[in-house]
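With the hints as your guide, set chain A onto chain U.
Those protein sequences? They're chains U and A, same order as listed.
The first sequence runs 1 to 109 under this note's numbering.
The second sequence runs 1 to 118 under this note's numbering.
No lab work stands behind these hints: they were computed from the structure.
Keep in mind the model is a prediction, meaning the values are calculated, not measured.
One or more of the hints may lead you astray.
To be verified - Calculated lysine-lysine pairs in the DSS-like style (CA-CA distance at most 25 Å, straight line):
(1) A/Lys66 <-> A/Lys55
(2) U/Lys54 <-> U/Lys104
(3) U/Lys68 <-> U/Lys104
(4) U/Lys96 <-> A/Lys55
(5) U/Lys54 <-> U/Lys101
(6) A/Lys41 <-> A/Lys66
(7) A/Lys66 <-> A/Lys20
(8) A/Lys66 <-> A/Lys14
(9) U/Lys104 <-> A/Lys41
(10) A/Lys14 <-> U/Lys96
(11) U/Lys101 <-> A/Lys41
(12) A/Lys20 <-> A/Lys55
(13) A/Lys20 <-> U/Lys96
(14) U/Lys68 <-> U/Lys101
(15) U/Lys55 <-> U/Lys104
(16) U/Lys104 <-> U/Lys53
(17) U/Lys96 <-> A/Lys66
(18) U/Lys54 <-> U/Lys68
(19) U/Lys96 <-> A/Lys64
(20) A/Lys14 <-> A/Lys64
(21) U/Lys101 <-> U/Lys55
What the hints assert, rightly or not - Reference excerpt, derived from the structure (chain U facing chain A, CB under 10 Å, subset only):
(22) Pro8
(23) Lys96
(24) Lys101
Stated by the list, open to error - To list a few chain A residues with every Cβ distance to chain U over 10 Å, as calculated:
(25) Cys13
(26) Thr49
(27) Gly61
(28) Glu63
(29) Lys66
(30) Leu74
(31) Arg114
Don't be surprised by glycine CBs; every beta carbon is placed ideally from N, CA and C.
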Amino acid sequence: KNEVEQSPQNLTAQEGEFITINCSYSVGISALHWLQQHPGGGIVSLFMLSSGKKKHGRLIATINIQEKHSSLHITASHPRDSAVYICAVGGGGSEKLVFGKGTKLTVNP
Amino acid sequence: GAVVSQHPSWVICKSGTSVKIECRSLDFQATTMFWYRQFPKQSLMLMATSNEGSKATYEQGVEKDKFLINHASLTLSTLTVTSAHPEDSSFYICSARDWQLHYNSPLHFGNGTRLTVT
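Just chain U, with the same shape it has in the complex (with noise of 0.2 Å):
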C-alpha cells in the first residue's frame, strides 16, 4: 500500500463544476503539499499546509491531521485547469516528500 493515495486517478469535469480531488496518508508528517503538474512536465507548488484550511483564488485545501487526510477543491473549474494534481507529504522529521501518484483532471469547455 503507498503511503500517499490520492482518489480519484481521472476526473472528467464540465466547465463551471466543483472540484475535489482527495489525499490520504499513512505516515506522520509536518506538512502536506498540492502540486500541479502541466501536461508539458512543469510543477506549481499550489498549497503547502500543516493544518486547517488555505484558499487562494479558486482553489481551496483542507487538511485533517487526525484523519491523515486532505481535499483540494476547485471552485467554477475552467479548461485551463486540466492538469495532474499531485499531493505530497514531507517532515515528520525529514525533507523528503513522498508523492502521491495525481490525479488527471481534465475540464471540457
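Same frame as chain U, but now just chain A:
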C-alpha cells in the same frame, strides 16, 4: 516568485553517452536541491538530495556512480547520467528550497528534462 530554471528541457542521446542536466535557482539561494525521476503515469520518485558543498544523499536503489550529482554553488546543481541506456529514458525534474526559510517551506520546481536514450 521564486524561479528554478532547468536545462535542457529535452535531450536525445545515444546509448553509452553521458548527459548533464542543470538546475539553477534564479532569485534565491538553495543549500538543498532535490532530483526526481518520473516514468510515464507514475508518481515522482526522489533520486537524491543534493547538498551544497558536500556529497549528495542517494535514495535506495539509485546508483550514485551512474547518476552523478554536483552542487558546487548555492544556485546550481547538476545531474549527469553517465553511460546512458534506453532504460534511463525518463522525465527528470529538480526542486529547490530557499535556504533562509524553514525546511518545510514550499518547494520550487524546474520545468523538467525529458531524456530519451536511443
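How the hints compare with the structure:
no., hint, result
1, A/Lys66 <-> A/Lys55, "holds (14 Å)"
2, U/Lys54 <-> U/Lys104, "holds (22 Å)"
3, U/Lys68 <-> U/Lys104, "holds (22 Å)"
4, U/Lys96 <-> A/Lys55, "holds (16 Å)"
5, U/Lys54 <-> U/Lys101, "holds (22 Å)"
6, A/Lys41 <-> A/Lys66, "holds (24 Å)"
7, A/Lys66 <-> A/Lys20, "holds (12 Å)"
8, A/Lys66 <-> A/Lys14, "holds (16 Å)"
9, U/Lys104 <-> A/Lys41, "holds (10 Å)"
10, A/Lys14 <-> U/Lys96, "violated (32 Å)"
11, U/Lys101 <-> A/Lys41, "holds (8 Å)"
12, A/Lys20 <-> A/Lys55, "holds (17 Å)"
13, A/Lys20 <-> U/Lys96, "holds (23 Å)"
14, U/Lys68 <-> U/Lys101, "holds (17 Å)"
15, U/Lys55 <-> U/Lys104, "holds (21 Å)"
16, U/Lys104 <-> U/Lys53, "holds (23 Å)"
17, U/Lys96 <-> A/Lys66, "holds (21 Å)"
18, U/Lys54 <-> U/Lys68, "holds (17 Å)"
19, U/Lys96 <-> A/Lys64, "holds (18 Å)"
20, A/Lys14 <-> A/Lys64, "holds (21 Å)"
21, U/Lys101 <-> U/Lys55, "holds (23 Å)"
22, Pro8, "violated (14 Å)"
23, Lys96, "holds (6 Å)"
24, Lys101, "holds (4 Å)"
25, Cys13, "holds (18 Å)"
26, Thr49, "violated (7 Å)"
27, Gly61, "holds (14 Å)"
28, Glu63, "holds (19 Å)"
29, Lys66, "holds (20 Å)"
30, Leu74, "holds (17 Å)"
31, Arg114, "violated (7 Å)"
In terms of the numbered hints stated before, the structure departs from hints 10, 22, 26, 31, listed from lowest to highest.
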